[in-house]
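We have chain D; now place chains Y, X and F with the ligands onto it with these hints.
Residue numbers (the working numbering), protein chains in the order written: chain D, 27 to 318; chain Y, 27 to 318; chain X, 14 to 276; chain F, 14 to 276.
Do not take every clue at face value.
What follows is a set of in silico ranges between Cβ atoms, one per label pair, in the way DEER data are often shown [to be verified]: (1) ALA310/D <-> MET140/F: 56 to 64 Å; (2) VAL153/D <-> THR314/Y: 26 to 34 Å; (3) ASP200/D <-> ALA196/Y: 23 to 31 Å.
The set of hints was computed from the structure by calculation and includes no laboratory data.
From the three backbone atoms N, C-alpha and C, an ideal C-beta is built for every residue, glycine too.
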Amino acid sequence: MKNPVMVASGTFGYGPEYAELVDLSQLGALVVKGIAWEPTRGNENPRTAETASGLLNAIGLPNPGAEGFVREYMPFLRQHDVPVIVNIWGRTVEEYVRVAEYFEGIEGVAALEVNVSCPNIKEGSAVFGTDLDLFRRVLDAVRSATALTLIPKLAPNVAAIADFAKAAEASGADALSLINSVPALAVDVETRRPKLANVTGGLTGPAIHPLAVKLVWDAARAVRIPVIGIGGIATPEDALEFLIVGAHAVAVGTASFTEPRTAVRVVEGIDDYLQRHNMASVQALVGTFQCN
Amino acid sequence: MKNPVMVASGTFGYGPEYAELVDLSQLGALVVKGIAWEPTRGNENPRTAETASGLLNAIGLPNPGAEGFVREYMPFLRQHDVPVIVNIWGRTVEEYVRVAEYFEGIEGVAALEVNVSCPNIKEGSAVFGTDLDLFRRVLDAVRSATALTLIPKLAPNVAAIADFAKAAEASGADALSLINSVPALAVDVETRRPKLANVTGGLTGPAIHPLAVKLVWDAARAVRIPVIGIGGIATPEDALEFLIVGAHAVAVGTASFTEPRTAVRVVEGIDDYLQRHNMASVQALVGTFQCN
Amino acid sequence: MDCVTANVIHQEEVQGGYQVLFLDAPAIAPHVQPGQFVHVRVPHMEESVLRRPFSVYRADGPVLQILYKGVGKGTRTMTYLRPGDSLGLIGPLGRGWPRLTEGRFPILVAGGYGMAALYLLARSMPMQGIAFFGGKSAPDILCVNEFEALGWEVQISTQDGSRGTRGIVTHCIDAWWQAADLKGRQVEAYACGPNAMLQAVAERAMARDWVAWVSVDRNMGCGVGACLTCVLKTRTPDGGWRWQRSCKEGPVFECRDICWEDE
Amino acid sequence: MDCVTANVIHQEEVQGGYQVLFLDAPAIAPHVQPGQFVHVRVPHMEESVLRRPFSVYRADGPVLQILYKGVGKGTRTMTYLRPGDSLGLIGPLGRGWPRLTEGRFPILVAGGYGMAALYLLARSMPMQGIAFFGGKSAPDILCVNEFEALGWEVQISTQDGSRGTRGIVTHCIDAWWQAADLKGRQVEAYACGPNAMLQAVAERAMARDWVAWVSVDRNMGCGVGACLTCVLKTRTPDGGWRWQRSCKEGPVFECRDICWEDE
Ligand SMILES: Cc1cc2nc3c(=O)[nH]c(=O)nc-3n(C[C@H](O)[C@H](O)[C@H](O)COP(=O)(O)OP(=O)(O)OC[C@H]3O[C@@H](n4cnc5c(N)ncnc54)[C@H](O)[C@@H]3O)c2cc1C
Ligand SMILES: Cc1cc2nc3c(=O)[nH]c(=O)nc-3n(C[C@H](O)[C@H](O)[C@H](O)COP(=O)(O)OP(=O)(O)OC[C@H]3O[C@@H](n4cnc5c(N)ncnc54)[C@H](O)[C@@H]3O)c2cc1C
Ligand SMILES: Cc1cc2nc3c(=O)[nH]c(=O)nc-3n(C[C@H](O)[C@H](O)[C@H](O)COP(=O)(O)O)c2cc1C
Ligand SMILES: Cc1cc2nc3c(=O)[nH]c(=O)nc-3n(C[C@H](O)[C@H](O)[C@H](O)COP(=O)(O)O)c2cc1C
Ligand code: FES
Ligand code: FES
Numbered sequence: 027m028k029n030p031v032m033v034a035s036g037t038f039g040y041g042p043e044y045a046e047l048v049d050l051s052q053l054g055a056l057v058v059k060g061i062a063w064e065p066t067r068g069n070e071n072p073r074t075a076e077t078a079s080g081l082l083n084a085i086g087l088p089n090p091g092a093e094g095f096v097r098e099y100m101p102f103l104r105q106h107d108v109p110v111i112v113n114i115w116g117r118t119v120e121e122y123v124r125v126a127e128y129f130e131g132i133e134g135v136a137a138l139e140v141n142v143s144c145p146n147i148k149e150g151s152a153v154f155g156t157d158l159d160l161f162r163r164v165l166d167a168v169r170s171a172t173a174l175t176l177i178p179k180l181a182p183n184v185a186a187i188a189d190f191a192k193a194a195e196a197s198g199a200d201a202l203s204l205i206n207s208v209p210a211l212a213v214d215v216e217t218r219r220p221k222l223a224n225v226t227g228g229l230t231g232p233a234i235h236p237l238a239v240k241l242v243w244d245a246a247r248a249v250r251i252p253v254i255g256i257g258g259i260a261t262p263e264d265a266l267e268f269l270i271v272g273a274h275a276v277a278v279g280t281a282s283f284t285e286p287r288t289a290v291r292v293v294e295g296i297d298d299y300l301q302r303h304n305m306a307s308v309q310a311l312v313g314t315f316q317c318n
Numbered sequence: 027m028k029n030p031v032m033v034a035s036g037t038f039g040y041g042p043e044y045a046e047l048v049d050l051s052q053l054g055a056l057v058v059k060g061i062a063w064e065p066t067r068g069n070e071n072p073r074t075a076e077t078a079s080g081l082l083n084a085i086g087l088p089n090p091g092a093e094g095f096v097r098e099y100m101p102f103l104r105q106h107d108v109p110v111i112v113n114i115w116g117r118t119v120e121e122y123v124r125v126a127e128y129f130e131g132i133e134g135v136a137a138l139e140v141n142v143s144c145p146n147i148k149e150g151s152a153v154f155g156t157d158l159d160l161f162r163r164v165l166d167a168v169r170s171a172t173a174l175t176l177i178p179k180l181a182p183n184v185a186a187i188a189d190f191a192k193a194a195e196a197s198g199a200d201a202l203s204l205i206n207s208v209p210a211l212a213v214d215v216e217t218r219r220p221k222l223a224n225v226t227g228g229l230t231g232p233a234i235h236p237l238a239v240k241l242v243w244d245a246a247r248a249v250r251i252p253v254i255g256i257g258g259i260a261t262p263e264d265a266l267e268f269l270i271v272g273a274h275a276v277a278v279g280t281a282s283f284t285e286p287r288t289a290v291r292v293v294e295g296i297d298d299y300l301q302r303h304n305m306a307s308v309q310a311l312v313g314t315f316q317c318n
Numbered sequence: 014m015d016c017v018t019a020n021v022i023h024q025e026e027v028q029g030g031y032q033v034l035f036l037d038a039p040a041i042a043p044h045v046q047p048g049q050f051v052h053v054r055v056p057h058m059e060e061s062v063l064r065r066p067f068s069v070y071r072a073d074g075p076v077l078q079i080l081y082k083g084v085g086k087g088t089r090t091m092t093y094l095r096p097g098d099s100l101g102l103i104g105p106l107g108r109g110w111p112r113l114t115e116g117r118f119p120i121l122v123a124g125g126y127g128m129a130a131l132y133l134l135a136r137s138m139p140m141q142g143i144a145f146f147g148g149k150s151a152p153d154i155l156c157v158n159e160f161e162a163l164g165w166e167v168q169i170s171t172q173d174g175s176r177g178t179r180g181i182v183t184h185c186i187d188a189w190w191q192a193a194d195l196k197g198r199q200v201e202a203y204a205c206g207p208n209a210m211l212q213a214v215a216e217r218a219m220a221r222d223w224v225a226w227v228s229v230d231r232n233m234g235c236g237v238g239a240c241l242t243c244v245l246k247t248r249t250p251d252g253g254w255r256w257q258r259s260c261k262e263g264p265v266f267e268c269r270d271i272c273w274e275d276e
Numbered sequence: 014m015d016c017v018t019a020n021v022i023h024q025e026e027v028q029g030g031y032q033v034l035f036l037d038a039p040a041i042a043p044h045v046q047p048g049q050f051v052h053v054r055v056p057h058m059e060e061s062v063l064r065r066p067f068s069v070y071r072a073d074g075p076v077l078q079i080l081y082k083g084v085g086k087g088t089r090t091m092t093y094l095r096p097g098d099s100l101g102l103i104g105p106l107g108r109g110w111p112r113l114t115e116g117r118f119p120i121l122v123a124g125g126y127g128m129a130a131l132y133l134l135a136r137s138m139p140m141q142g143i144a145f146f147g148g149k150s151a152p153d154i155l156c157v158n159e160f161e162a163l164g165w166e167v168q169i170s171t172q173d174g175s176r177g178t179r180g181i182v183t184h185c186i187d188a189w190w191q192a193a194d195l196k197g198r199q200v201e202a203y204a205c206g207p208n209a210m211l212q213a214v215a216e217r218a219m220a221r222d223w224v225a226w227v228s229v230d231r232n233m234g235c236g237v238g239a240c241l242t243c244v245l246k247t248r249t250p251d252g253g254w255r256w257q258r259s260c261k262e263g264p265v266f267e268c269r270d271i272c273w274e275d276e
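This is chain D alone, in the form it adopts within the complex (with noise of 0.2 Å):
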């Protein structure tokens, strides 16, 4: 990677949605929307709502599947000097063996972002993220149906983040991305309804970041592997407490449809800040949290 700083799953389409506004050559890595082996349509309409310094989505993880995904969008992210990273998911552990099989086979492909923590899959894709034993059972699974790295994406709804990323690290996982979206819930009073079609949704946005940062903390400290920092960055110096905590490395979300080049914006802002501090690299900053 030229720099820490990818662009985080489903805030980002496939690729071409930004390429117009956006030089995909200046991020650290592109993480694509989540794919499944089966095309998925995902949820209803409404799909998000906007909250307090935060956005609420039940998007459902609509997705051509890994075939359509390959076909329609990897001749395209192969032209581009950006490393892609694919996230994935399934509703089963076969159907995340499936997809994860399928990308070890295809050029272009950097890394698999293993997403056991969307909220907004009903048959049980949430749990996944949650119950250790599950989440260790898919793990180990996909970790024996690849050689590519795997970065497991930890869900933020547990009392205890390190037991996931110890579990995770033990099942041989390359890095642990986190967090996904906070499960939530907004009401549209008048009409006693969810403003969402899929009722619950995740809550992203500046809203989440310090409890993203305290689950970052957490985490690092935990392993050994790397850790990708994700929640509510939409400044340099949010992605600094990211780094400064204990990871390698950070995921631009929500703030993408704020400001497209929010991520850029990072890169730029993380390089005045390590010349301001005479570091020369992005490592000498990593983990430097001083809290005693």
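Chains Y, X and F with the ligands alone, transformed into the frame defined by chain D:
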């Protein structure tokens, strides 16, 4: 209670602080700042930091001790026409029992809110709120210690809040309140030190409202005892969301700092709403969520 | 498509709470096709993570105009914008109105900001037809002079009868259709307004063999096709349906493509 | 103490980025004691849940003045306030400056907004003494004419020497102290400024038997004593310490009460 709108523990002092600005008799109830058996000083400075639409705090539960509180503040509180709910905490099960026993004999205490979920006590109090066994143990013990109305206050950072709600009900709790603040961390990137002396703190305010609504919905569906919805209420609509998903009452926290009369405005806003919707009472609204 | 900071040139209230905002956007304005929109980052609204989409009302050289009304948090905040303020702008976005099919007679149907969304189309049309404008009350009827200045006949209806015919816009359309002598031409309709209006136009179009293009209003997230917020159900040739993104494949769709039963 | 909505009468830049904001606050202004503060809800800053505390610079009839500088999010937003805008105001808050002890000679020591925080005190004093104002550079020295108009001698020091003596304010104080003939009077000092300045004054006060009152600047939450954000360590008679709330028991403390070793 005259109305379903209380002020939340730790955000309204012990009563006198806001009495010049807010007519206490207009509050449904006043929940005082957490009281332990022994006086406690709390954390070092800084104790709060602003975040996007939120507040991070680690006050550390400073308090004058149960006897000190009764001596210094109960005479004042008894003079006012407002139900007083005492928020209690301890570092061990024995400390919880001691303070609970003590308040049984105190005139003018309407109920005890049992804080098992403050994220800012290092000795282990946080664990009471996220470990189901410990949670049951402390509630069983407190239940045996007092005939007062008991309202356990639940922690948000668990995978399945319904389990805690059910456990509390099984332990003989009379009501539940949730949520307490959400564990979080903010870093000053220039010094690379935490913004709070206690390192981590609890996130409150509008930022957490959608996740509180989700948890209150989950808890309210799991039990028959009434639930008090807390988290990020700043407007009548925010409170109405809690009532609609099944809370019987609500408490206003951080928003009292922004606007001391928030709770009173929420009372008025709920009244307006009930009138506009031809509802005779709050009861008619509670749990009217249309989610299918 | 570009993402820029645009300066506010000026802003004026037209009537009934509708405002026109003049922006200096040389990288965007010259590229706007009729029916396209811009995605606006409203300043002084840090609590909001999303932009707000607005049709381009006019684009003249570097100057872009938006016609809007303060209906919610974002639009009300926009009414405070003054010369010297600036805002974020992404655009032009979406697929605008298709060209008039050779030999068809154009009608425009609009409610609310739809009148603005149709102005550039009216200006670029090879022939002038009839514009049907509907609203609750006289102040909701906008831009009539502008359309007439382009040579369009404008038929107005208001629900309270305070301007034009009393009733809804489709009454006017139906009355016109009864009497119309189109000299063998088929109608091609372009509509932008409340969903019920679009659906009423669609019904007539399907019954009367018109081509009808409607510009739908969906809540948007990214505005560029990445977030899948703004989707709408559209028919597929095999009798099934699929989502299309109103920010990317839309906001303009041929009315037959929309699954109205799900609207 | 009241909680009101106050209209902005006007706002002007004094110098060096310092602004004076004039507010119409008839329920608050007449009750202000020197050294008290108001807690301001800055409009157009919904993302912020906290108010911002400001000393009252002047209170004349219903009009309250705040002197401040745009240092962060809230104060920078305040610089945009114009006549007609309004903001939330709680006040007067805190315990202000105590009265001068009979027979003591008053000196004032100020840096930054401290000059504003001391103005009402200077105006209400039974006798005029000396005011020592320090700052980085000439533009940081405020209100000199106002204090002189009240009959106070003002001694100025700037770190870059651009106005008054070059150096920090305590140099001036020490030089004055060496030469002073106070005719048997003891000094009573009142200080508001950066913490280092307060501590330097405290050291001198304790060494020289002055009474010295300092107004501390702590981040605040509620401003009324409820949240326990703004606490500072103060000595107890038994040699121990306890927290006191700078919004309620303060912001003014006698310097001997503060545990400086923990500052
Ligand atoms: C392609 C497109 C073009 C548009 N062009 C224009 C235009 O030219 N002029 C104009 O005035 N408006 C236009 N709109 C509508 C405009 O985007 C919304 O009015 C605006 O986003 C509301 O933002 P707000 O913050 O003021 O309202 P919010 O505070 O977000 O919401 C306030 C109220 O408005 C409703 N609302 C929110 N978003 C929309 C929406 N997209 N459409 C309708 N109601 C909504 C909410 O349900 C709520 O009741 C367009 C919308 C789309 C999708
Ligand atoms: C009793 C009291 C009286 C005051 N009187 C005045 C006054 O008359 N005029 C005036 O200009 N200021 C005064 N202040 C300071 C003023 O409250 C802060 O400058 C203001 O709160 C900063 O808000 P902000 O949103 O601009 O800064 P933020 O965005 O919150 O912070 C920006 C920077 O300011 C620093 N900061 C934040 N809060 C404070 C604070 N309370 N004190 C010092 N630095 C802070 C932060 O560390 C940060 O570096 C007073 C403070 C107190 C406690
Ligand atoms: C609209 C939307 C769609 C998302 N889709 C996915 C997804 O497909 N897979 C996934 O693992 N995370 C998904 N996420 C979560 C983000 O990748 C990220 O973890 C989350 O948004 C937190 O980061 P942020 O606060 O910067 O947005 C989505 C988030 C949003 C807002
Ligand atoms: C400064 C502060 C102090 C608090 N102290 C306590 C406390 O002593 N006991 C307790 O149970 N909760 C305490 N809380 C949590 C609140 O009671 C409430 O659960 C939380 O703030 C969420 O509500 P809000 O978002 O409306 O603030 C405190 C919150 C704040 C902001
Ligand atoms: S608004 Fe994001 S895909 Fe259309
Ligand atoms: S600011 Fe809340 S107690 Fe002082």
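Exercise. Out of the numbered hints, which ones does the structure contradict?
Worked result: 3
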